[in-house]
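Letter by letter, the chains look like this.
2 protein chains.
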Amino acid sequence: MRTPLCEKLGIERPVFGFTPSEHVAAAISRAGGLGVLGCVRFNDPDELEATLAWMDENTDGKPYGVDVVMPAKVPTEGGQTDLESMIPPEHRAFVDRTLDDLGVPPLDTSDEHAAGVLGWLHSVARAQVDVALKHRPALIANALGSPPADIIGEAHEHGVPVAALAGAVSHALHHVDSGVDIVIAQGYEAGGHTGEIASMVLVPEIVDAVQAAAGDRVSVLAAGGIGSGRQIAAALALGASGVWMGSYWLTAAEYKLGSASGEGPSTIQRALLSATSSDTVRSRIYSGKPARLLKTKWTEAWAAPGAPDPLPMPLQNILVSEAHQRISAADDPDVVAMPAGQIVGRMNEIRPVAESMEQLVGDYEQAVARLASL
Amino acid sequence: MRTPLCEKLGIERPVFGFTPSEHVAAAISRAGGLGVLGCVRFNDPDELEATLAWMDENTDGKPYGVDVVMPAKVPTEGGQTDLESMIPPEHRAFVDRTLDDLGVPPLDTSDEHAAGVLGWLHSVARAQVDVALKHRPALIANALGSPPADIIGEAHEHGVPVAALAGAVSHALHHVDSGVDIVIAQGYEAGGHTGEIASMVLVPEIVDAVQAAAGDRVSVLAAGGIGSGRQIAAALALGASGVWMGSYWLTAAEYKLGSASGEGPSTIQRALLSATSSDTVRSRIYSGKPARLLKTKWTEAWAAPGAPDPLPMPLQNILVSEAHQRISAADDPDVVAMPAGQIVGRMNEIRPVAESMEQLVGDYEQAVARLASL
Numbered sequence: 001m002r003t004p005l006c007e008k009l010g011i012e013r014p015v016f017g018f019t020p021s022e023h024v025a026a027a028i029s030r031a032g033g034l035g036v037l038g039c040v041r042f043n044d045p046d047e048l049e050a051t052l053a054w055m056d057e058n059t060d061g062k063p064y065g066v067d068v069v070m071p072a073k074v075p076t077e078g079g080q081t082d083l084e085s086m087i088p089p090e091h092r093a094f095v096d097r098t099l100d101d102l103g104v105p106p107l108d109t110s111d112e113h114a115a116g117v118l119g120w121l122h123s124v125a126r127a128q129v130d131v132a133l134k135h136r137p138a139l140i141a142n143a144l145g146s147p148p149a150d151i152i153g154e155a156h157e158h159g160v161p162v163a164a165l166a167g168a169v170s171h172a173l174h175h176v177d178s179g180v181d182i183v184i185a186q187g188y189e190a191g192g193h194t195g196e197i198a199s200m201v202l203v204p205e206i207v208d209a210v211q212a213a214a215g216d217r218v219s220v221l222a223a224g225g226i227g228s229g230r231q232i233a234a235a236l237a238l239g240a241s242g243v244w245m246g247s248y249w250l251t252a253a254e255y256k257l258g259s260a261s262g263e264g265p266s267t268i269q270r271a272l273l274s275a276t277s278s279d280t281v282r283s284r285i286y287s288g289k290p291a292r293l294l295k296t297k298w299t300e301a302w303a304a305p306g307a308p309d310p311l312p313m314p315l316q317n318i319l320v321s322e323a324h325q326r327i328s329a330a331d332d333p334d335v336v337a338m339p340a341g342q343i344v345g346r347m348n349e350i351r352p353v354a355e356s357m358e359q360l361v362g363d364y365e366q367a368v369a370r371l372a373s374l
Numbered sequence: 001m002r003t004p005l006c007e008k009l010g011i012e013r014p015v016f017g018f019t020p021s022e023h024v025a026a027a028i029s030r031a032g033g034l035g036v037l038g039c040v041r042f043n044d045p046d047e048l049e050a051t052l053a054w055m056d057e058n059t060d061g062k063p064y065g066v067d068v069v070m071p072a073k074v075p076t077e078g079g080q081t082d083l084e085s086m087i088p089p090e091h092r093a094f095v096d097r098t099l100d101d102l103g104v105p106p107l108d109t110s111d112e113h114a115a116g117v118l119g120w121l122h123s124v125a126r127a128q129v130d131v132a133l134k135h136r137p138a139l140i141a142n143a144l145g146s147p148p149a150d151i152i153g154e155a156h157e158h159g160v161p162v163a164a165l166a167g168a169v170s171h172a173l174h175h176v177d178s179g180v181d182i183v184i185a186q187g188y189e190a191g192g193h194t195g196e197i198a199s200m201v202l203v204p205e206i207v208d209a210v211q212a213a214a215g216d217r218v219s220v221l222a223a224g225g226i227g228s229g230r231q232i233a234a235a236l237a238l239g240a241s242g243v244w245m246g247s248y249w250l251t252a253a254e255y256k257l258g259s260a261s262g263e264g265p266s267t268i269q270r271a272l273l274s275a276t277s278s279d280t281v282r283s284r285i286y287s288g289k290p291a292r293l294l295k296t297k298w299t300e301a302w303a304a305p306g307a308p309d310p311l312p313m314p315l316q317n318i319l320v321s322e323a324h325q326r327i328s329a330a331d332d333p334d335v336v337a338m339p340a341g342q343i344v345g346r347m348n349e350i351r352p353v354a355e356s357m358e359q360l361v362g363d364y365e366q367a368v369a370r371l372a373s374l
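The listed protein sequences derive, respectively, from chains A and B. No gaps in the numbering here: position 341 of the first sequence is 341 in the UniProt record's numbering, and each next residue is one more. No gaps in the numbering here: position 188 of the second sequence is 188 in the UniProt record's numbering, and each next residue is one more.
Don't read these hints as lab results, they were simulated from the structure. In this text, a Cβ means the ideal position worked out from N, Cα and C, and glycines have one as well. You may find that some hints are simply not true.
Claimed, not checked - Capping the alpha-carbon separation at 27 Å, the derived lysine-lysine pairs in DSSO-like fashion look like this: (1) 134(A) to 62(A); (2) 256(B) to 62(B); (3) 297(B) to 289(A); (4) 62(B) to 8(B); (5) 256(A) to 295(A); (6) 295(B) to 289(A); (7) 256(A) to 62(A); (8) 297(A) to 289(B); (9) 8(A) to 62(A); (10) 62(B) to 134(B); (11) 297(B) to 256(B); (12) 289(B) to 295(A).
Stated by the list, open to error - Calculated Cβ distances over 12 Å to all of chain A for the following chain B residues: (13) 30; (14) 47; (15) 123; (16) 307.
Looking at chain A on its own, in the form it has when it is part of the complex (with noise of 0.2 Å):
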């Protein structure tokens, strides 16, 4: 499965795997794929930094990328207590009862407060490029809308390409209007910020836009309901130049974040395990744009009658961080509030990530066998 993106990056395979995790995001990297790093959870640069020299030894001096989160349209900057104050007292009421409904107590120190939410700001996302630059990743991507122009200069300059994220055909022209180098086409059933237009549709429409408008200069990654080696198989029919994987490798078994007891499969990683494609939905809650999140009781309390209607971004991030938190703490598989696509119902065990890209490649060669012999 080798396109010309795989020679523009250095890679075996277009199989880019965005993560939070290092260890899972190095281990895609050595297994021959692009391990992309989430940034968004680094609210301290200097935490950044380390975790990028971390993958600088252990990738065995293969490419991997970065990924920061860039919203198109919000104040960059204000400062947390004025878009605090921004926030109704009814939504703040919602979240407390509900927390409390739900069996999810208090944190123990309120130190933490507000972080995680910090990421999502310009002035953050901005150190974050920084940062990056002084590595040597193969990709920088932003997760929502196009990358500001001086970002995609100072990359360019790096000699580093930039990706962002389209679930329309109108956003990936956006992004080829303003230098992007790869649009990764996101379809409705992907975890995380999502539109309405699924992948089968969406792909085809998207490369032959992009097609049309910038020729090879910019490539096209499809992304939304893809985990087997039949999907990616898809994915390039449909004339993707590669694969964006996101919620596949969140039952990696190099993947350890939010994992409160220790060893074998966390919370997160047990509910993910026991969900189906039907267990998803895609709501305004996490974020304030429509993210398609794993259901749970608490997506569930959101949906119920009588609940607000969710704040614009970022005032929900805001509304939502400390809940977040707390939840994760509290470490209830019934009570989690995680992006996962519709895929996860094929997530169905926990495997190290070179043994997943193994049976992603096999599985892939035997679809197109059997595609050619028919």
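Following the hints, position chain B against chain A.
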């Protein structure tokens, strides 16, 4: 693109074309696919009889299928009057007010009232099956749920395989248990009645579940989002034995239903030609069950604040039956009530079926060759 299913049904390629138009269905069969005539619009068995006699004469001896609608759980009888009395007056008032607001005139005569809904009743669907079995259908499909056991038995006695649509693995397994021969895995992006799981995830899930439950006895078709050779290649890569396409054929040159202005594209076709993949909505307003429709002023009225919740099937069918006739007669491309999938964004010209089929095949072969070359 020959799969074993082609041998079973005596068709050249596993392209199943669902359409309410006998002219389109016959053209699909003549072009080497399997044209499947939607029967729900035939309230009068004699009219269906005459249409199938026409099909027999106009398909060059090639196979064709029929599609009936037998919802799993509705009052099979009870009479129009009993059902009418269960519709709240507020719902009727909303429909009347909305049609007035949208400038849709009343019908000239009332003798057509309630036509269009009878086809949804079991007694009518059974009569359709009886009529069909006097001809030579190669397939009987049911658009909603598993067909009743006696219908499957009757079809099998005539040597006719039975197909049913599934939006989730549980539906597919129920079909297998019921004796269905072909499961149509219909993804979220499809027009008409759809579930929430998109094709990229749903198709391989159902392929695997059906294979485990029934081996090669039952075949799986992919439906939802398919309107190009690349998408057919993707569907077969996902493990499907063929594709089921519906919306795609609405812009066939042979499609003449709903045309009010003689030559040229009909009003509905003009609405379809100008729509993008973002211009559909999944709603219960068409029948009481979630169905994807073209987004128009009619669907927007039902989504506006203050609009009532749609009624359950079959009450919603009855509620909107006359409205659909009024809308059809009004002939306004901004106010149509039409099932259509997200693939509508690719339906940008009126072409004869044979020409479309030729392009599907050519593009499919290119996609497979590209995959094989990677």
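Outcome of the hint check:
no., hint, in the structure
1, 134(A) to 62(A), "holds, 16 Å"
2, 256(B) to 62(B), "holds, 22 Å"
3, 297(B) to 289(A), "holds, 25 Å"
4, 62(B) to 8(B), "holds, 13 Å"
5, 256(A) to 295(A), "holds, 21 Å"
6, 295(B) to 289(A), "holds, 22 Å"
7, 256(A) to 62(A), "holds, 22 Å"
8, 297(A) to 289(B), "holds, 25 Å"
9, 8(A) to 62(A), "holds, 13 Å"
10, 62(B) to 134(B), "holds, 16 Å"
11, 297(B) to 256(B), "holds, 23 Å"
12, 289(B) to 295(A), "holds, 22 Å"
13, 30, "holds, 22 Å"
14, 47, "holds, 35 Å"
15, 123, "holds, 33 Å"
16, 307, "holds, 17 Å"
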